[in-house]
Amino acid sequence: MKKIVLLLTVFLSMSNLNAQTTTVDILKDWERAKAYTKEYLDAMPESGYSFKPTKEMRSFSGQVLHLSDAIYGFVGSATDEKPPVGLGDLEKSGDENKASVTAKVMASYDFAINAIKKYPNAKLSEPIKLFGQFNMNRAQVVNKCFEHQTHHRAQTTVYLRLVGATPPAEKLF
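Positions -19 to -1, 1 to 154 (mature numbering (1 follows the signal peptide of the UniProt record, and there is no 0)) are the ones given, in order, by the sequence shown.
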């Protein structure tokens, strides 16, 4: 019986180790997301950066700057890395210049990638209270941020189609 319990304990410990996400795995996804987002930014013509499908919606530029603001906020919270901009400042800037917006968005991905790269795997499971409201561990915060940037990048597919541009092909891997 002791052998079975010991064997089961070892097996469960090993499967738990394999199930944990590491910063190396996370970084691969963030590098891919950065390249994919850049393709979206490149696909939109300069004139489309101010485009809004309806007056109530964000412009294309507003969508990607909002995405960037969130990257700074979420990843900064998860890794204790201080963002170089205040929360919401990029979107509030109203910037609609393609080159400038592209540089700001790429800088937010660089911030995330560098912060995650420096962050120790062992601390990813630490609990935090995101934005003073949500109890989750640091890896979950990074995952929520990834989900958020994917959501807003996906919204810009419609913007590209509405201005006659072709969105990039899917990049799941």
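These are computed hints drawn from the structure, not numbers from a lab.
A virtual CB, placed ideally from N, CA and C, is assigned to each residue, including glycine.
A couple of the hints might just be wrong.
Derived pair list, reagent style EDC-like, types lysine to aspartate or glutamate, alpha-carbon separation capped at 20 Å [said to hold, decoys possible]:
(1) K36 <-> E72
(2) K15 <-> E107
(3) K104 <-> E27
(4) K98 <-> D10
(5) K19 <-> D91
(6) K19 <-> E151
(7) K125 <-> D23
(8) K33 <-> D91
(9) K152 <-> D23
(10) K36 <-> E77
(11) K85 <-> E20
(12) K36 <-> D76
(13) K79 <-> E128
(14) K98 <-> E37
(15) K104 <-> E72
(16) K110 <-> E128
(17) K19 <-> D61
(18) K85 <-> E72
(19) K63 <-> D91
(20) K98 <-> D6
(21) K110 <-> E72
(22) K19 <-> E77
(23) K104 <-> E77
(24) K85 <-> E62
(25) K63 <-> D23
Using C-beta positions, here's what the derived DEER-type ranges look like [claimed, not checked]:
(26) K99 <-> G145: 40 to 46 Å
(27) L143 <-> E12: 27 to 33 Å
(28) I109 <-> P26: 19 to 25 Å
Next on the checklist: Tell me if the straight-line CA distance from K19 to E77 falls inside 20 Å.
Outcome noted: Distance of about 16 Å is within 20 Å: holds.
Checklist entry - Is K85 close enough to E62, meaning Cα to Cα at most 20 Å? => result Between K85 and E62 the Cα gap is close to 18 Å, so the pair holds against 20 Å.
Checklist entry - Is K36 close enough to D76, meaning Cα to Cα at most 20 Å? => result holds, 17 Å
Next on the checklist: What's the verdict on K104 and E77, does the C-alpha distance respect the 20 Å limit or exceed it?
Outcome noted: violated, 38 Å
Next on the checklist: Given the hint of 40 to 46 Å, is the C-beta distance from K99 to G145 inside that range or not?
Outcome noted: Between K99 and G145, where Cβ atoms are some 42 Å apart, the hint holds.
Checklist entry - Within a Cα-Cα threshold of 20 Å, do K152 and D23 meet the stated pairing? => result holds, 15 Å
Item to check | Given hint E72 paired with K36 - CA-CA distance at most 20 Å | outcome: holds, 16 Å
Item to check | Pair hint outcome, K63 versus D23 [Cα-Cα no greater than 20 Å] | outcome: violated, 28 Å
Checklist entry - Regarding the pair K110 and E72, is the alpha-carbon distance no greater than 20 Å? => result violated, 24 Å
Checklist entry - Keeping to a limit of 20 Å between CA atoms, is the pair of K79 and E128 held or broken? => result The hint is violated at about 24 Å.
Checklist entry - Holds or violated: are the alpha carbons of K36 and E77 at most 20 Å from each other? => result Within the cut-off at roughly 16 Å; holds.
Next on the checklist: So if I understand the rule, the pair passes when the alpha-carbon distance is 20 Å or less; does K85 with E72 pass?
Outcome noted: At roughly 10 Å apart (the allowed maximum being 20 Å), E72 and K85 satisfy the hint.
Violated hints for the displayed structure, listed by number in ascending order: 2, 3, 7, 8, 13, 14, 15, 17, 21, 23, 25 and 28.
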